[in-house]
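Undergrad: Chain by chain, the residues run as shown.
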Amino acid sequence: MEKKLLTTDILIIGGGTAGCYAAVTAARKAPGTKILVAEKANIQRSGCLAAGVNALNAWLGDGQTPQDYLSFVRWDAEEIVRDDLVLTMAEGFHDAVTDLEKMGLVIQKNADGSYAARGRHNIRINGENIKPLLAEEVARYPDIKVLNHVILTDLLTRGSGKKRVCGAVGISADGSAAWGILARAVLTATGGAAGLYRPNNPGFSRHKMWYPPFNTGAGYAMGIRAGAEMTSFEMRFVAQRCKDTIAPTGTIALGVGAREINARGEIFEEKYGLSTSGRAYGVTEENRQGRGPCFLRTSGISSQQEEDLLRAYLNMAPAQTLHWIESGKMPSICDVEVEGTEPYVVGGHTGSGFWVDEGRRTTLRGLYAAGDVAGGAPKKFVPGALAEGKIAALTILDDLPDLQQVQWDSIDGQMQAFFADYESRVRPAAAGESSGSDVFALEEAMQKVMDEYAGGIRTGYQYNTVRLGLAKDKILQLRNLAGALAVSSAEDLYRIYELLDRLEVCRTLIAHLQARRETRWPGFGIYTDYPIRDDRYAMFVNSVLQDGEIRMIFRPLPVL
Amino acid sequence: MSVMIDTGRCICCGACAEICPGNLIRIRQGEAAFLPHPEECWGCASCLKACRAGAITYCLGADIGGRGGRMRVVQEGRFSHWIITLPDMPPAGAASRRTRGGGFGDGIALSENPEISAETERILTITVDRNDANRY
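Order-wise, the sequence lines are chains A and B.
Position 444 of the first sequence, counting from 1, maps to 444 under this note's numbering, and the rest follow consecutively.
Position 131 of the second sequence, counting from 1, maps to 131 under this note's numbering, and the rest follow consecutively.
In short, the hints are calculated from the structure, not lab data.
Treat the hints with caution; some may be incorrect.
Examples of chain A residues lying across from chain B (beta carbon under 7 Å, computed) [said to hold, decoys possible]:
| no. | residue |
| --- | --- |
| 1 | 124 |
| 2 | 229 |
| 3 | 481 |
| 4 | 484 |
Far from chain A, some chain B residues (derived; all Cβ distances over 12 Å) [said to hold, decoys possible]:
| no. | residue |
| --- | --- |
| 5 | 6 |
| 6 | 10 |
| 7 | 20 |
Derived EDC-like pairs (lysine to aspartate or glutamate); straight-line CA-CA distance at most 20 Å [stated by the list, open to error]:
| no. | chain 1 | residue 1 | chain 2 | residue 2 |
| --- | --- | --- | --- | --- |
| 8 | A | 243 | B | 39 |
| 9 | A | 474 | A | 443 |
| 10 | A | 29 | A | 402 |
| 11 | A | 243 | B | 40 |
| 12 | A | 3 | A | 547 |
| 13 | A | 243 | B | 63 |
| 14 | A | 329 | B | 63 |
| 15 | A | 448 | B | 18 |
| 16 | A | 109 | B | 40 |
| 17 | A | 145 | B | 18 |
| 18 | A | 243 | A | 269 |
| 19 | A | 102 | B | 18 |
| 20 | A | 109 | B | 39 |
| 21 | A | 472 | A | 421 |
Every residue gets a Cβ at the ideal spot worked out from N, C-alpha and C, and that includes glycine.
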């Protein structure tokens with residue numbers, strides 16, 4: 001395996017929405033600063049926006065203020081939000097979106113030139129090419145170097161008390177090279193974690209065109225292993241989606257005003273509340289009580305509305321358009337069946353992620369976080385991810401004078417240990433070696449454990465103390481097995497590290513579920529031993545991995 | 001959802017392997033691109049858009065209702081023509097609109113470009129104009 005060593009001023013891990021915009025922000029503000037974006041695929045089409053997106057769901061329309069957005073997010077998240085983070089994010093929506101328009105994004109306008117709203121906080125766009133546009137903007141700045149197809153697995157750190165992050169290590173996606181990168185500052189923008197739980201369709205169609213299955217929680221896992229403080233993992237996200245394709249439903253609900261109905265045709269949403277969690281809970285509960293399946297009532301929409309829906313989904317989740325046409329069950333005739341997804345850990349929808357300060361500094365010196373990997377600020381969507389990328393980049397520029405590059409020889413031992421681990425895991429399969437514990441089998445086993453014992457679809461998102469205890473033991477056992485994994489082809493090497501990252505996130509998630517002894521977001525999970533909201537838990541549940549053990553930290557909510 | 005690569009049409013350029021957000025497509029010198037684990041595809045269609053040879057089609061697995069339909073996309077400036085080829089027979093329980101004629105699918109031949117649209121019972125085209133923002 002070839003060794004490749006680089007130094008840079010700013011290392012950005014993940015070239016998605018937040019990462020690309022952070023790079024652009026830094027390059028514009030401080031020409032001459034060396035910026036490196038390490039991306040596991042290709043920034044042209046990587047991350048959540050690969051297929052496109054047809055609305056920007058974080059926006060201040062009709063005289064709305066950042067304070068209004070905060071009120072909305074606080075209500076939706078049942079109080080567990082960081083005011084400072086949501087406010088600074090919302091203050092950035094306008095500039096981020098107008099900048100996207102300058103890059104070439106098509107946004108629907110009213111006659112007076114203002115953006116056309118789809119609800120209070122949404123604007124309609126043609127975002128099929130949003131990611132290529134961002135990549136094009138990145139390419140305009142010679143100070144930004146993009147490393148496509150490089151998968152970073154771990155942070156390089158110095159010191160033992162308050163650790164300093166000084167770079168990262170990883171491998172090429174094809175396993176041909178090991179990378180060591182020294183940086184004065186590191187921004188993690190890897191996205192959240194999908195694929196922890198058994199999915200809706202566990203067979204051929206296991207992956208869905210919504211949250212990228214390639215977002216493995218790598219950023220969380222790297223941070224956890226390095227000792228960064230994490231928050232609110234227990235605030236999982238269960239999305240309500242179109243049955244089978246798991247395509248987003250907002251385009252139907254907000255676009256054509258479709259109401260949710262159960263199998264009897266009854267509109268039920270008022271019974272469960274209109275928050276994100278409440279809506280998810282409604283569908284689960286109607287199913288549990290025998291009144292499923294549930295639908296979005298689209299029958300009766302006009303032919304023009306139907307054609308627009310077909311086009312809208314091609315710009316975002318093409319499977320849904322094909323599904324309508326192939327099944328012959330067109331939305332103007334047949335209501336669209338909905339179901340909840342398996343739980344995700346994703347800080348752009350809920351509050352899970354790195355515990356950061358207002359500047360998006362993590363608790364480790366030299367490490368910053370933005371986008372889905374950063375906690376405390378739910379409902380980021382595209383504008384919030386952009387805004388956070390910008391905030392983090394500006395903070396890094398402020399901090400850079402105090403962050404000196406470390407010397408290679410001071411970090412060489414640590415780096416070589418990672419490199420040795422990469423090399424040791426590629427070896428020919430021994431004769432008779434069972435495939436029952438290969439990387440795919442262990443991933444499936446992990447998803448089964450999480451599904452059955454940590455509140456997956458199988459239990460209707462319910463869990464209890466005994467189940468969580470079993471989940472913890474079984475995940476640790478799988479981690480031991482995964483620790484010894486090897487692959488025979490270097491092209492599959494990164495899959496081992498993806499699995500190890502997911503297992504690390506699962507372990508932390510279970511500890512968070514155990515610590516919050518209440519049920520605050522019934523749509524995202526029900527702790528059956530503590531089935532109601534208990535305001536003794538009106539606080540943040542945080543964690544740090546210390547000496548191999550997860551230590552929980554409870555932090556108060558901001559004083560209003 | 002997944003994609004199929006037509007090895008006869010593939011020009012071995014590697015564009016699909018370069019763009020795939022999951023690094024799922026592999027290419028060997030001078031050989032057609034291939035997908036060792038089609039079940040790992042999430043259906044983002046990035047490879048369809050990157051393929052200049054029109055060698056990649058999009059499909060739904062039978063576990064989510066797929067029955068052999070295929071979708072490809074032809075890009076022409078700001079227009080994307082999504083061309084959907086369906087099996088001959090309409091599916092059981094089909095409830096398609098029949099507002100513009102008799103046959104299944106007549107109501108959804110939306111192409112504004114008659115040269116690319118081949119409107120038959122089996123093929124339909126939906127054209128998306130990049131300059132149109134979504135109405136929904």
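Undergrad: Kindly indicate which numbered hints from before are broken by the structure, ordering the numbers from low to high.
TA: Violated hints (numbers, rising): 2, 3, 4, 7, 12, 15, 16, 19, 20 and 21; every other hint is consistent with the structure.
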